[in-house]
Structures are given as C-alpha cells and as structure tokens.
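Can you build the whole structure from these sequences, using the hints too?
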Amino acid sequence: MSKSIQNKGTLQKIGVIGCGTMGEEITRVVSQSGIDVIFLEINQGKVEEALKSISCHLDKMINKWGLTASEKKLILSRIKGTTSYSDLKDCDIVIETIDSKKKGTSIEIRKEIFQKLEEEVKENTVITSNTSTLTISDLASVLKHPERAVGLHFLAPASKVKIVEVVKGVQTCDEAYEMVNKFARMIGKKVININESPGNISTRLIVTLINEACEILMEGVGSVEAIDETMKLGFGLQFGPLEMADRIGLDKLLKWMDNLYAEFGEKQFKASPIIKRLVRANQVGRRVGKGFYNYEGGKAIGQTVTCTEFN
Amino acid sequence: MKIIVLNCGSSSIKYQLFDMPSRKVLVKGLVDKVGLKGSSIKHSRNDGKEVKLEGEILDHQTGIEYLLGILTSEKYGCIKSLNEIDAVGHRVVHAGEKFGGSVNITNAVVEALEECIDLAPLHNPPNLEGIYAITKLLPQVPQVGVFDTAFHQTMPDFVYLYGIPYSLYEKYKIRRYGFHGSSHKFVSKRACEFLNLDINKQRIITCHLGNGASIAAIQNGKSFDTSMGMTPIEGLIMGTRSGDLDIGALFHIINKEEIDIATANTLINKHSGILGISGVSSDMRDVEAAAGEGNVRAEIALKMYRYRIRKYIGAYAAAMKGVDVVVFTGGVGENDWVTRAEVLDGLDFMGIKVDKSINKELRGEDALISPPDAKVKVVIIPTNEELVIAQDAYDIVNGNFVN
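So the sequence lines, in the order shown, correspond to chains A and B.
Quick note on the working numbering: the first sequence kicks off at 1 and runs consecutively.
Quick note on the working numbering: the second sequence kicks off at 312 and runs consecutively.
Since the hints were derived computationally from the structure, they do not count as laboratory data.
Accuracy of the hints is not assured; some may be wrong.
[What the hints assert, rightly or not] Pulled a few chain B residues facing chain A out of the computed Cβ check, cut under 8 Å: (1) Asn-566; (2) Glu-568; (3) Ile-570; (4) Thr-574.
Each residue gets a CB set at the ideal place from its N, CA and C atoms; glycine is no exception.
Here it is, written out as structure tokens:
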C-alpha cells in the first residue's frame, strides 16, 4: 500500500565530481532534497571556494524568502568537499560534471575520471556523467563494468529546470538505470528517458534553433532583439534563442556543436561563423558580460551584434 | 488497556503510551531528525527515568521499530512484550471531507487519506508513514486515525466556502477545513465539564494559541467556524505564518520580489508572523522580552498578534449571536497572561470581564479567570491532544465511540 516506503532509504549518498557552476547547483539540489552529498575538486582551494559559493547562494535564497537560516544550516551539514577519490567510495551514485567549456576535447579527461572512480567505489555504485553531446557508452568503454554507467543530463540552472534527461547507454543495465531514475525523482525532477544519442533531445534541438537564429541574423533578416522577441513573445519561450545562447555560454555551445557535427556531419550542427567569431573575441555571453548582448548586473542592456555587420 | 499515540511529522515522531481508561501516561518520547544526520530518541518514563539514544534512523519505520524496542526494554520500558499493546492512535492532519470523526484505520481509510495528500502535502505523508510502519510491525493491533480537520466538518456550507467560483470547490474541494480540531474539541468539552455547563446549550469561543494558532466558534458542541482555512496559513498571526493576508498583496510581492510560487509559500509560512514583523524571534517570550527593552517592532508584533485574536472573538460572538464561554489554550493561551488580558480588555459591553489578579496567576491547570458575576465565563484549559487521540482510540476499539 505504500508507494513512498519503497522509494525510501536506499539512496543515502551522492558523489559529484567537479564543483563548477553545474556541479555546485547539483550539489545544492541534492542536499536540499535531504540526501548527503560529497563533491570532489582538484585542490583544497577549489573545495573551499565551492563551499563558500554554495553558502553564499543559500544566503541569497534566505534574502529572497526561499529558505530559513536553520534550513541553510541543515543543507550545509549534508555537504562535504574532498580532493580524494577514495572519499567517494560509499556513494550510491557519482555524477561527473566537469567543466566542458575549455577548448580541446574533454572526452579523455572524463574517461580518466571514470577509470579512477571505478577503482575506488563499491561494486554497485552507479557512475553517471552530465555530458549531453558525448555518449555514455563511449565514456563507459573504459570501465571494467560498463553496465553501471548511465547518462544523467541536468540543464542549467539545475535548481530551476524541472527535467533531467536520463540516458540509457548501449550496455547500461536495468538496475543502474532504474536507480538513477529513482534518484532523479527523489530530487524532484521529471525524468525524460532517453535512448542514447549525442545531444539527447535538449541539446540537439536548442543548438539547432540557435544556429538557425545566427543564420537569420547573418542574412540581415532581423536584429538580435527582433529574433529573440519573436521567439519569446511569438512562441511563449522564456528566453529568445540568442539570449539563451548567451546564458549557455558561446564557448560551451561551440563545443557542443563541434561534438554533434563530428557525430552527425549534418549542416545544422555546423557552428555559425558568428558564434566562432564571438568565441574568438572571448565574447562568450552573460558570464563575461558580453555576448550577443551587453550585460550589466546579469541583465541584458542592448545587443552587441547588428545584422548589417554581415551584409 | 495500553494505547500508543503517535504523531509523525516530516522528520520527527512524538509518542506516548497511555494506560486506559486511567488516562495515565506510562512513557513518552520524541524520535528526532528522522532521515537526517544526528537522529536520536529521547525517551522518558513516568517514574522520571530518562534516556537519549543516538543512531541512524533513516525512516519512520526504523524510528518506530526503535521506540517499540525501548517500550519493551527492561531498563527503560514499561511493558514486557508488544502483545500488551491494544491499539495505536495516529494523529493525521488532513482528512479532507472524508471523515467527520475519528475512525478505525482500514485499507479503505488509508486509500482515502492518500487521496488527501494533495490537500496537506507536507503533513499527510509522514502521518501515513506512521500508519504503514505500524501495519508492518504490529499487524494485529488495531489502529485509529484522529484528524485535525474532523471536528470542523460540522461547519455549514456558507461558512466553509470561499468567495471564488463554485466549480473550484467541486473540482478540487477548495474550502475552509480548519485545524487543531482535537484541541478545540477537547478544551470546549473540558471547559463545560469544569464549569458544569451543558455543552449542547453553549456558544463557546476557543483560542488555541501555540506556535500555530487558531480560534473556533463552537455552537452547541459543534464547530461552527474556525480561523484556519484550507491550509493552516489563514486566520491568526502565528510564530512564522502570516495569517489573514490580502491575496492581491501577495501577487504584488511575487511580482516585485520576482519570486516563484514555492518561494512565496515559504515567505508567508516561515518568514512571516511574529518573526517576520519583529525580526526578533518566533517565540513569544523572546519577543515580549525585546518589547520590554523598547524594541519597537517587537512591540508592534505583539499588538498585531493580540489585535487579530480580539477581532476574531468579536466576529465569532456576532457569528453565534452571542458568546457564553471563552477558552484559552496552547502554550501562549495557557501561560501568557498579558496576551489574555489585552485580548479581552474593554469587552465588558459583550459581557466579557477578566479578574486581573486571578488572570496573572499561572497554574497549568483548568481555571476560571472571569469574576463570578460576569455574563461570559473565561477559562484557561490546558490542551491535551494526545489524550484525545488515546481516548478516541480506546472508545473505537471498545465500540463505544460517539462523535
């Protein structure tokens, strides 16, 4: 008769590898759901930095009425940081979420992490990656037990977005897959089940939309603002495609597109020259205060690129 | 007859073992931080023997397993075997429109309560966890559900409906339910026993003033109106809850602060009330101390808190076309004489008077604080929700339950 009992008690500790923007969000969401979480960073300095940043974020939530001081204390008490893989050994699920913005391929780094991790964790620990454009099967190929690997793709910001994509790789076993599904539900997400394909649903579609928006811009059909307004107001999207690109970060976007183009070889995944140009100028979006728009205090204050530039 | 009373919260389990019909509490305790770090059980026996155990308690079932273990332990327990337990009474917060009184828990009852989760998403699930656990651990023992909402099911439709499209009531059962039912029922009944009055001929206003607070108009022993609504937010100003608030103001806040619905919910549930106004604390004693030291906001908070109660007393006296008895209960209602005095000050016109010197004395027991010649009897009745649960369980198991 109890649905809830069956879902309780088995997931007690989650590991997060890499506590950048995404790792931090995931760490917080997991702890807020009442589950212990330990994150791994490359040095103690980064660990401290991440803990401080999480604490800051919780303070902001208190100021914006979303949390009380005692709840913050409780959330922080469930979070630990470490630099040692051996501290992840008793985790039920480990989520790899390293920074993928850097140039060059991150696949080797991720594979290395998977290998190191498997040496330390217990035999039934499920190993997941937050990647969307690399495949979990490829990452799992370096594991002794590739059946324990599952794709777990959070969209940014992980605390706000209501879905996660849970990806079944070629060798993923049912137990591991079901465990990740259960975990996703425990942290309050709607699970989107995905049969492995680079870009899943989310990245593949958003990337295509943004790229086409760049084409429109290049052809001089309409301005940055015109494109975004059309999609926002016309289709009820929260953000226009170019504003979304700035939020994702153009460097990251380019990375995704390169991966997808390598996989599919289709034109719609070939990054628009505008994106490449802006990345070269390190005008990569909201994070640096400049992308398709200029930003002040996180708010867009006018476009930076005009369509005539490309005519 | 031995009856366990369980009150399962989201991360805690309060329990008492009653001997019935003597009403003696044999042991009581608190399982704290269920499913969290640092969980513990604090247990005390009526001979003063106490123990605190710490260890991992991942869910309600584990917590209940442990507390059953202590009940039967030689050192701290009071029964030899679990076979001595005759019934378990559960506090359940929300029974929607399904139950107007306490019931014997069957599968059908559990299903009905599962359907009510929507109405009390924070409270009903842990209450149900307690029921699931006992079903598993003590399958032979009868269980009784005592509901916070049940006593108020006698409210007439023109009282419980809100001024919104009727279809919303039909679709989602949006209406006033009211809470603290066991307490309002207990103290109104007890007040009449104490005053030697026939409850079927009285118009009673009961003020349950604890950390959560509500007030009820009880006519002839039946709840006629109460200040809490579909959720426990409405009505009186509470420790951290706003009480009555213009919904339009809330929409405005949501826009201005750019927050979502969940956050707005936290705002009016956890950041508001006495705490939000005073900025000091949600505990009346702290706020009174601060006001005593000249803290202006603390002073305003207290004034608002008391004014709101007074306003409701006036409203409910009008609603029942008069009032015969006013009851104070709950931590603040029983102990805070200043609040009682200020709430009732100047209400002579409606027959309410308070004997100032008697009001100031603290007793922790039933007491009449109005002068003998007053038209309206004002009494303090310490509430005992656990006893209500034990009594209902006892009566139901024996087939003597009268709602």
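Hint check:
no.: 1; hint: Asn-566; in the structure: violated, 14 Å
no.: 2; hint: Glu-568; in the structure: holds, 7 Å
no.: 3; hint: Ile-570; in the structure: holds, 6 Å
no.: 4; hint: Thr-574; in the structure: holds, 4 Å
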